[in-house]
Amino acid sequence: MPPLLEASNVSRQFLGVTALDRVSLTLQAGEIHALVGENGAGKSTLIGILSGVVTPDNGRILFQGAQVRIDSPHDARKLGIITVHQEPTLFPTLSVAENMAFADGLPTTTWGRVDWKRVRESARRATDLVDASIDVRASAERLSIAERHLVQLATAMANEPRLLILDEPTSSLSGAESERLFDRLQELRQHGAAILYVSHRQPDIFRLADRITVLRDGQRVWHGVTGNIDRSSLVEAMVGRERAPLFGSRTISAETPAGATPLLKTVGFTDARGRFTDVDLVVHPREVVGLYGLTGSGRTEWAQVVAGLRKRSKGKLEVNGQEIVISSPREAIAAGIAYLPEDRLHQGILPNLSVRQNTVLANLRQMVRWCLVRGSAEKAATDDIRDELQIKMEDPRQPIAQLSGGNQQKVVLGRWLLTQPKVFLLDEPTRGIDIASKAEIHQLIRQLANSGCAVILISSDLPEVMDHTDRVVVFRDGKAIKSYPARETSALAIGDTAIPSGDDDQGHRRQPRTRRRTPWALASEGGLSVAIVLLGLLLAWTNGQFLTGDNLLQVLSNASVLSVMGIGSAVVILAGGIDISVGSLLGLSAGVAGLILGLPGPAWLTIPLAIVMALATGFAGGCLNATLSLLGRIHPIVVTLGTMTLFRGLLQLLTGGRALTNIPPAFESLVTGRLLGVEGAIVIMALVATLTGCWLQHTKSGRSLYAIGSSRTAARVVGLSRWRLWLLAFGAGGLCAGLAGLMELAQTGTMQTRLGMGYELRAIAAAVVGGVAITGGRGTVIGVLLGAILLALVQNALVFWQVGVEQNGLVMGLLLLAAVVLQRLVRTRIS
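Residue numbering for the sequence shown follows full-length UniProt numbering, starting at 1 and increasing by one per position.
Simulated from the structure, these hints should not be mistaken for laboratory data. These figures come from a predicted structure and were not determined experimentally. Hints are supplied without guarantee of correctness; some may be wrong.
Restraint-style ranges between C-beta atoms, simulated for each label pair [unchecked claim]:
hint : residue 1 : residue 2 : range
1    : W111      : N9        : 49 to 57 angstroms
2    : N58       : T645      : 55 to 63 angstroms
3    : G274      : G192      : 42 to 50 angstroms
4    : Q322      : L538      : 46 to 54 angstroms
5    : V530      : R724      : 34 to 42 angstroms
6    : G105      : N9        : 32 to 40 angstroms
7    : R724      : N58       : 26 to 34 angstroms
8    : G192      : D128      : 18 to 26 angstroms
9    : L364      : A66       : 50 to 58 angstroms
10   : E488      : G274      : 27 to 35 angstroms
11   : V530      : A686      : 41 to 49 angstroms
12   : G274      : A66       : 50 to 58 angstroms
Idealized CB from N, CA, C, for every residue including glycine.
When you get a sec, could you build the whole thing from the sequences and use the hints?
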């Protein structure tokens, strides 16, 4: 029987640097195979090749004896290869349940609607596989990094993979959570799945793995049965030197002087959101205190409050005997508190900046002279940190994202060393880094303590906490339960204290930790509604004609074109793009329609032809914008800035710069005529809003637009095509611009070459004021409608109040700012 997967002589280079050099790997069905090596050894590259993220330069891959090409994550998933990456890739603006459903495709009904009931039920069943107490309706951005790992692990196992690739799966999990994971892995193994297990944790490797492959410097240096190698030999194979220099006995700090004033003290500390309550904790100079507990026990949240990242509701904080109040990270830094976050990728480093910029970030003020940053000071500080922490890099000017995880962590540590803190809060400082880097960080922790600092080490790795701290404080259910001397206690005692002993039928399980917030959309729409009502009441008070039925319908009519334009812009923004050419595209579409309407022929022929051609012009223009941006890899704002001028020039060319006035009355009546007393423009606006809202909220393609706008990385992992989705989004935006051009042409009865000028900014304003996040992935059609109505209402108010044209911009800007501030206040209050 052939192996499930066989990779032969696989190589890959990046910018001339060899990441993998003729590496071979064989995986059998029903086995757990460990892949180990230091950071930079080539593990991530090999994982990327097997999961379709990275394309090999040469070599071949066989799956069940047949040669295959894995060019994308979608190809890997079709083969049954599922990867759980070290850094979780989720869509932050989508719910947990929707994130999990995207991994295997959103389930739909026979009518093509997303089956939300199945989505939630499947997610709950999946989280039960790993005993994760997570509210699947909550937004993924509310999850801790450990909860994100659990979500991805649950998703992978629920899809019954043939090959499961796990990259540091326990790096953020507690001991109990890791044990539950190991049980599930054994079940998968018994069902014939192969598991490629990547980890730096040797106890896990020797407990789980049937075979081990060791990589070093991009080459396979050892492979074989687990029983044929011991731990010392494995470390030597990984690092190329003996184990002794990397490990020592339990570290011991210098004695804390009797009666010394605590460097850090919290009394009755309580989180404003209830994640921990009444925490009393004291840390002295030259002391390392470990915080241990299950995920969600409150240890990380306690550190974040001390560091000014979260708000407290009550309690007292003292630093070096002085009571202080910290409400921001800047105040924490000024007080001598440094916080190294658990989530290195999203909260620790700025991936697009250089190593030097990341290193000096927290100490930048000390390097400024005459309002200019001194490059020599930056260079000197970075060089000192590189030498002190032995950071491996090609050049301090290279992006930090190019460094290994261990070296990235050293840079973040070095950043805080430059601030010369009194208190160090280290949250999972060795998560996902290799053995050598881990040993160096442990040594640095002890050096910090011996220099007089107070160090708090938060870790899910119990041996790490016991071996490298003086005291261990156990957190459970948001409380600091007990403090143990690290050298005088056992892992069993600490573990028993950390695990809840409730009387429920599952004992260790808690209620869902992720609490749902009022959705962004509801809060945003609530703020807009309040602004509209207040402005409406003010207008009614100053002008008795405002609340008449005719005037209110006129306000809606005035908002109709802007609403359609705003909805089109919102679709593009939701997908992570932006289109500032829609005003010119509106004019071009209207120009095409106007020319056709002026042709000799019966109205029953020219009117439908004009409508079809205007819509086709808008759609083609939108697709052109997407194509140019994707082909040239240019930001769409640059592309659409160019096509804005192009479309306006085409309009001038088509019309010869003259106005088109011979618009048939039958065409105008389609928009200005009334249906059951309601103007056609309002009916069109309602239809566009209803259809677009249903499409975005309840179809696969609509939800995919939200997904790719939320995270391109996560979209690529689940196989969403940016090409297809951007063509769809920009095409829809162009279609709305074409429709808006027809409406504007019918309402004005004439085609001016300046038609649509300025509409692009008003359309984007309607979308953004309506709650659409300019970064993408968040917003609703209802919000856009409210935003457009607010803008139309403001314009109506200016007419009522007889404000001069020259003052319109000032008044409009002030009112818009007031509306946005009110919207923000309402959203903050509800959340």
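Problem set entry | Earlier hints that do not hold, by number | 2 and 11
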